[in-house]
Amino acid sequence: MILSGVPTVALIPIFSADQIRLLAAVMIPVLLLYLFILISEEAFELTGIKISHAFFMTFGALIGSFIDIPLMMIDGVTLAVNVGGCLVPVAISAEVLLKRRVDPMPAILSVAVVTVVSYYFSFPVEGQGILMPFYIAPLVGAASGILFTRAGPTAGAAAYIGGTIGTLIGADFLNLATPGTIEAIAGGAPAVLSIGGAGVFDGIFLTGILAVFLATLAARRIRRSKKDPEATRHE
Numbered sequence: 001m002i003l004s005g006v007p008t009v010a011l012i013p014i015f016s017a018d019q020i021r022l023l024a025a026v027m028i029p030v031l032l033l034y035l036f037i038l039i040s041e042e043a044f045e046l047t048g049i050k051i052s053h054a055f056f057m058t059f060g061a062l063i064g065s066f067i068d069i070p071l072m073m074i075d076g077v078t079l080a081v082n083v084g085g086c087l088v089p090v091a092i093s094a095e096v097l098l099k100r101r102v103d104p105m106p107a108i109l110s111v112a113v114v115t116v117v118s119y120y121f122s123f124p125v126e127g128q129g130i131l132m133p134f135y136i137a138p139l140v141g142a143a144s145g146i147l148f149t150r151a152g153p154t155a156g157a158a159a160y161i162g163g164t165i166g167t168l169i170g171a172d173f174l175n176l177a178t179p180g181t182i183e184a185i186a187g188g189a190p191a192v193l194s195i196g197g198a199g200v201f202d203g204i205f206l207t208g209i210l211a212v213f214l215a216t217l218a219a220r221r222i223r224r225s226k227k228d229p230e231a232t233r234h235e
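Take the sequence shown: its letters are residues 1 to 235, numbered as in this note's numbering.
Worth flagging that the hints you see were computed from the coordinates, not collected in a lab. Note that the coordinates shown come from a computational prediction; the quantities given were computed from them, not determined experimentally. Any given hint could turn out to be false.
Listed below are the simulated SDA-like cross-link pairs for lysine to any residue, each with C-alpha atoms no more than 25 Å apart in a straight line [what the hints assert, rightly or not]:
hint, residue 1, residue 2
1, Lys99, Leu87
2, Lys226, Pro153
3, Lys227, Pro153
4, Lys99, Arg150
5, Lys226, Asp103
6, Lys99, Leu109
7, Lys227, Arg150
8, Lys99, Ala151
9, Lys99, Leu217
10, Lys226, Ala151
11, Lys227, Leu217
12, Lys99, Arg220
13, Lys99, Leu147
14, Lys99, Ala112
15, Lys227, Asp103
16, Lys99, Ile169
Kindly produce the complete structure, drawing on both the sequences and the hints.
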């Protein structure tokens with residue numbers, strides 16, 4: 001169901017307009033580079049994320065970006081979730097966890113860390129949504145994935161789950177549960193508050209992509225340095 005007829009505010013825990021343009025310019029080559037590195041060296045299975053997940057992340061999110069599902073009405077404001085920007089990343093995270101492609105504990109710890117940090121740094125802005133500096137959640141998600149997996153091959157998967165679910169809980173759910181947040185965003189006018197409503201440019205979606213990319217590259221570098229520290233020093 002696509003909502004229309006009233007103003008829609010996307011709950012995006014990042015992005016100013018300039019940041020959106022910047023990320024739009026870099027995301028496609030970054031994603032292609034990410035796919036190339038994983039396929040050519042260790043393959044997706046070693047990170048806990050399959051090739052099918054990567055395509056689902058991208059094309060499912062693109063298509064789902066146009067679909068908002070209403071959940072409830074709060075003081076004249078409709079709260080909804082976007083399929084592409086929210087449900088697709090959550091579905092991938094759930095599938096990776098349920099099929100044990102990553103140990104649950106590192107993923108859960110990553111979620112907890114990103115949740116706390118996202119809640120601390122995010123804030124509501126009238127007419128825009130819930131904002132947060134775009135680099136915080138991906139960096140924290142990547143660092144958590146590396147730390148809690150000890151730079152293991154599933155660091156990327158733990159980072160993805162931590163980044164997506166942690167951002168969803170910390171930046172969106174906890175802020176929405178804070179008294180006055182919905183009123184501050186809607187400004188007293190009828191509106192649709194869409195979690196993940198910016199689709200492929202939403203904080204939940206992009207945090208997951210950037211976190212898994214950063215964690216996979218950094219963890220690989222760490223593992224190689226442990227195997228051959230002398231070669232690493234001379235690179």
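- Task: Please work out if Lys226 and Asp103 have their alpha carbons no farther apart than 25 Å.
- Result: Holds: Lys226 and Asp103 sit about 22 Å apart, inside 25 Å.
- Hey, Lys226 versus Ala151, does the alpha-carbon distance stay inside 25 Å? holds (10 Å)
- Take the C-alpha atoms of Lys227 and Leu217, compute the straight-line distance between them, and say whether it is at most 25 Å. The given pair, whose Cα atoms are some 16 Å apart, holds under the 25 Å limit.
- Item | Restraint check for Lys227 with Arg150, where alpha carbons must lie at most 25 Å apart | holds (14 Å)
- Query: If you draw a straight line from the CA of Lys227 to the CA of Asp103, is it 25 Å or shorter?
  - Reply: At roughly 23 Å apart (the allowed maximum being 25 Å), Asp103 and Lys227 satisfy the hint.
- Query: Quick one, are Lys99 and Ala112 close enough, alpha carbons at most 25 Å?
  - Reply: The hint holds at about 21 Å.
- Query: Going straight from one Cα to the other, do Lys227 and Pro153 come out at no more than 25 Å?
  - Reply: Answer holds: Lys227 to Pro153 is near 14 Å, not above 25 Å.
- Message: Hint check: Lys99 vs Ile169, CA-CA at most 25 Å. Holds or violated?
- Response: Distance ~22 Å between Lys99 and Ile169 Cα, so the pair holds.
- Sort out whether Leu217 lies within 25 Å of Lys99, counting only the CA atoms. holds (23 Å)
- Item | Agreement of Lys99 and Leu109 with the hint, judged by alpha carbon distance not exceeding 25 Å | holds (18 Å)
- Message: Against the 25 Å threshold, does the CA-CA distance of Lys99 and Arg150 hold or violate the hint?
- Response: Holds - the C-alpha atoms of Arg150 and Lys99 are around 21 Å apart, at most 25 Å.
- Quick one, are Lys99 and Leu147 close enough, alpha carbons at most 25 Å? It holds: about 22 Å lies between the C-alpha atoms, which stays within 25 Å.
In summary, the structure agrees with every hint in the numbered list given earlier.
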